[in-house]
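A.B. asks: The lines below spell out each chain.
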Amino acid sequence: MFESKAGVFLIAGLGFFALAFLVMAVLPWAIYAGEPELTVEQVAASGIVPEFVDLAERYPEQFKRAFGTVSTQTFAEALRFGHEVYVADACWHCHSQFVRPVSNEDLRWGPVSTALEYQNALQRPVLFGTRRVGPDLIREGGRRSNDWHVAHFWQPTNVVPTSVMPPYRWFFDEQGYPNKRGMSIITYVQWLGSWVKEYPYYHGEGPPSLPMAATTQSSVAHAGAGSTGGGPP
Amino acid sequence: MMWRCRTPLCMLVLLAGGCEPPPPAGDPSKPVAGSYSSVEQSLVDEGRATYERYCVGCHGTAGDGAGDARRFLHPPPRDFVAANFKFSSTRSGQLPTDDDLRRMIRNGLRGSAMPGFGLLPDRTIDALIAYIKTFSPRWKEQEGEPTPIPFVEDPYRLEPDKTAAIQRGEVVYHGYANCWACHPAYVPQPRLNEYLVQFGNPPRDEFRPDLYQAVGKENEEGEIVYPPDFRRDYVRAGVRVEDLYRSIAAGISGSAMPTWVDSIDLPGPTPDSPPLVSKADLWAMSYYVQWLLSQRPPLLKEGQFVVRDRPRPIYLYGAPPKAVKPEAPPDEQTQKAVEETFTP
Amino acid sequence: MTAAGGASGTGSGLGATTAADRLVDRPLVFAHLVAAMVFLAVSLLAGFLFSMQFLQHYPLPQHEIFSPGRWRLVHTNGVAYGFLANAFLGGLYWAVPRLTLRPVLHRGLSWFLFVAWQAIVLATAVGLLAGHAQALEWGETPVWIDPVALLGLILVAVNFLVPISCLSGPMYVAIWYFIAAFVWTVLVYAMGNFLPQYFVGGAAAGAIAGLFIHDLVGLFVTPLGWGLMYYFVPVILKKPIWSHGLSLVGFWGLAFFYPLTGIHHFLYSPIPMFLQHGAVITTIAIELVVTTVIVNFFMTLSGRGDALRTSMPIRWFYTGMVFYFTTCLQCAFQTTLAFQRIIHFTDWVVGHAHLVMLGVFGFWLLGMMVYLIPRVVGTAGWYSDVLNSWHYWLTMLGTLVMFLDLLVAGVVQGYMWRELSPWDEVLAASVPFWFVRAVSGTAILIGQFLFFYNAWKTWQLRPGAAPSHAALMENMQPAAT
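Protein chains in written order, with the working numbering: chain A, 1 to 233; chain B, 234 to 577; chain C, 578 to 1058.
Okay, chain A solo, but in the shape it has when bound:
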């Protein structure tokens, strides 16, 4: 049996592979099978990262050319395209996307990654990464400003002199404004981590939630619509 064609073909070739597949692939698959995998639209519907709006405010002409207006739909488009760029330019070979519970990684980057964070279409195939030449990115969203990212993609050593990241000039138009690719990859990077409770203050440096008195709450809530919504009440 151990030296016969059938033995090698069936037991070693098919059998052992099937066993390993069952244990190493089907089992974890089954464990998370009940967890819904969000589509990009569902992800976008949970809210637009402020940096996407900031891009529209900062570079209105270029943004209009790339996406038109700011909406959940264009945000989803930017995320999807940004993810494509992230994969195509192999960003994931030098940037991981998971914070491990060891080696003080939570102190450096923020909350440790959990399995359900990866249940969405933008983690297909999952972007855990294989090497950290640059820092982990899963808690990068909101950490730095858009103009930092623009300057960094144009010439990383301009903002981080020791950086070994290559410049990505094809993310820019002739005048040096980020083009659709540039805005998408920035949106994607600024989105990473936006789902965790601590975002964007991963190290607890955010404002404390203060108890609200009924009167104050009502008065400001009244004006609130005006403040973020546009016209005066």
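Read the hints as simulated data drawn from the structure, not as lab findings. For every residue, glycine included, the Cβ atom is placed at its ideal position computed from N, Cα and C. Treat each hint with caution, since some may be false.
[To be verified] Listed below are the simulated DMTMM-like cross-link pairs for lysine to aspartate or glutamate, each with C-alpha atoms no more than 20 Å apart in a straight line: (1) B:Lys450 with A:Glu77; (2) B:Lys512 with A:Glu198; (3) B:Lys512 with B:Asp498; (4) A:Lys197 with B:Asp495; (5) B:Lys512 with B:Asp495; (6) A:Lys180 with A:Glu57; (7) B:Lys373 with B:Asp359; (8) B:Lys534 with A:Asp173; (9) B:Lys373 with B:Asp278; (10) A:Lys64 with B:Glu535; (11) C:Lys816 with C:Asp883; (12) B:Lys534 with A:Glu57; (13) A:Lys180 with C:Glu641; (14) A:Lys64 with A:Asp173; (15) B:Lys373 with B:Glu273; (16) B:Lys512 with B:Glu386; (17) B:Lys450 with B:Asp466; (18) B:Lys534 with A:Glu198; (19) A:Lys64 with B:Asp542.
[Stated by the list, open to error] Residues on chain B that point at chain C, a partial pick, calculated with CB under 10 Å: (20) Leu276; (21) Arg286; (22) Tyr287; (23) Pro354; (24) Thr357; (25) Tyr467.
Following the hints, position chains B and C against chain A.
C.D. replies: This is chains B and C only, laid out in the frame that chain A set:
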């Protein structure tokens, strides 16, 4: 960081270190803050090395804020030669204290391109500060150390419920300090008039049309500065209530934000009655602003925000002008440079 | 052993080799070896380019298709699918007909597959440079190539499995490895390239990605590599493998444990912890199995140690085996959770990967090429034995230095990360290591170009249009290099 000492070798090293004579007290070579001539040269050298590793890309070799990344950045990197620092615990226009610089380096300035360098060791940051001070003669010229604004006692500090502080802050913010002249207002207009009247101001029929938006103002460098909308934007210099107190009380140098700690007094109607506004109200405003900040939605929902018109130019070719003059048509030479750069 | 195994294993019967001679399509073997050399050159150049980026001296202009990140994809994929696959096919077209005493299924199919495979690899390279990569380590092959590549792999398997299926009775060890490799490669490729892309998402896809990365090494490269070793080593040493029992233990141990280790690529990740523990245990088990294989081969060498000096292929093979043992021992340690805290995501792993792909399988295949090229070209030997020697020493020392350099770099990086050094400090500390890596890589590159030059000159020495039978007979003797 905890030092774990497990090996005999490590013990040996410690022992050897322990045998050295202790440094003499009152070492004259110790740096004296504020006068870089007496700062250890080694500290400055270390600071230069650190500066070249971390800072030079934006702030430039000459420290004038004209690094290669400058052309993308709004607000622009600080100019250490002019030494105009926006955020400090000193009065508007004065140099910041070392603690201020340390805080900015450690925490960064949220929403600007200045990241936090929280992992740098204390010694490195001290060296960096010593080096930054060599760029401008202002540090040498100043007499003594910069004086921080007074931190009056926080009357709400021990109250577990900050409601009173927040409510008082709302009244002072709108009625007395007129913050809504630049920042957005956060109450409806009738209530705003109510608050104005409380401080003896006449009620107004009309307010600026964009009362619920921030108003941009051009600063000395020609850059348009937008004061934060606290429920939408980041504030730069920290969100702890002490940080907010500092920003409000000391003001923001080079912007329209005044040094409130010097002008927030309003006596009562009679000499015997308590003052209508006192320095303690700075804390009330701080708590109010912090409360507004805590309502800043991390993610925006469609239809619940406006896209503001705040175009920011990028000066790809040629140095960005000191005073911003946006969108000059490219001359022949720069046009050529454009073509060369994009033709591999 | 079968007659074929005996014949090849001992190399005693000249009659058997002449019979096998007529079964082998020498130009095809040569074509595959040349293709392997071309892709090796491309891959090494791509790797060299990428290493220059780490020194902030990337030489190519800033254009999309010159993106260092994309050339890094060309580096790894070129090695796996261009160099290794082609060299393996060359070796298989040489060894399988001799082991089975039958030609492969169809000569036309073989040539078609040769052309098709080069087209697939080229299309992959072009696709990657154009930005069509899949986000899967070693599975970056653009999605539109995947089905074609899979079909190609199936046809390759059929082409070889048909003559193998005509064998009766117990088979020689090499054939076990080949059969298993054909089955596994097809399954692994299908699993890795389709499941995470289309069917599974999230952390479970991470488990599959880990399984794919590891299976590509463990179930495609390793069994083919060992299979060829089980064929070439006895042929060149003219003595049988030391212990058939250990061969059995080695094969079945690898077959059982190797596929179970995939998740050890993502320890401390959001994949369930009990699976991570399982992967660690099987990885350590592999090391025990590997030891039996190594013992078997070194006992085979026992008494013929002079071959390390006299036979260039044997020198390559056994250097590769020492590296194999090193890399597997390293693997047993580095997959423990204690090591993972420090070395995961660092250059340590990069050093490990280089030792595996170049130091082990690259060396075996280079040794095989050294053995095969004069035989398929029909010359009495190499154009220059001195160049061959230079090739060996430059490649060996380059690989060794690169491995040790990256190993130390990984430890430095890992501890600096743990001690919360600023990221820039870690980069600055890594630069000297990256410099040494680039230098050692240059040595490897120079070594290969000497080899290619040598092969080119050897090819020019080929006798006339077709080599005479006598010359062929003569060339069946082990190369006296």
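A.B. asks: Against this structure, judge whether each hint is valid.
C.D. replies: Right, here's what the structure says about each hint:
1. B:Lys450 with A:Glu77: 34 Å, violated
2. B:Lys512 with A:Glu198: 34 Å, violated
3. B:Lys512 with B:Asp498: With Cα atoms ~7 Å apart, Lys512 (chain B) and Asp498 (chain B) stay inside 20 Å; holds.
4. A:Lys197 with B:Asp495: 39 Å, violated
5. B:Lys512 with B:Asp495: Holds, at roughly 9 Å.
6. A:Lys180 with A:Glu57: 15 Å, holds
7. B:Lys373 with B:Asp359: Cα-Cα ~17 Å, so holds.
8. B:Lys534 with A:Asp173: Violated: Lys534 (chain B) and Asp173 (chain A) sit about 29 Å apart, past 20 Å.
9. B:Lys373 with B:Asp278: Holds - the C-alpha atoms of Asp278 (chain B) and Lys373 (chain B) are around 18 Å apart, at most 20 Å.
10. A:Lys64 with B:Glu535: 17 Å, holds
11. C:Lys816 with C:Asp883: 14 Å, holds
12. B:Lys534 with A:Glu57: Holds, at roughly 16 Å.
13. A:Lys180 with C:Glu641: 15 Å, holds
14. A:Lys64 with A:Asp173: Satisfied, since the Cα-Cα distance of roughly 14 Å is no more than 20 Å.
15. B:Lys373 with B:Glu273: Holds, at roughly 15 Å.
16. B:Lys512 with B:Glu386: Holds - the C-alpha atoms of Glu386 (chain B) and Lys512 (chain B) are around 9 Å apart, at most 20 Å.
17. B:Lys450 with B:Asp466: 16 Å, holds
18. B:Lys534 with A:Glu198: Between Lys534 (chain B) and Glu198 (chain A) the Cα gap is close to 18 Å, so the pair holds against 20 Å.
19. A:Lys64 with B:Asp542: At roughly 13 Å apart (the allowed maximum being 20 Å), Asp542 (chain B) and Lys64 (chain A) satisfy the hint.
20. Leu276: 18 Å, violated
21. Arg286: 6 Å, holds
22. Tyr287: 6 Å, holds
23. Pro354: Holds, about 9 Å.
24. Thr357: 9 Å, holds
25. Tyr467: 22 Å, violated
Hints 1, 2, 4, 8, 20, 25 from the earlier list are contradicted by this structure; the remaining hints agree with it.
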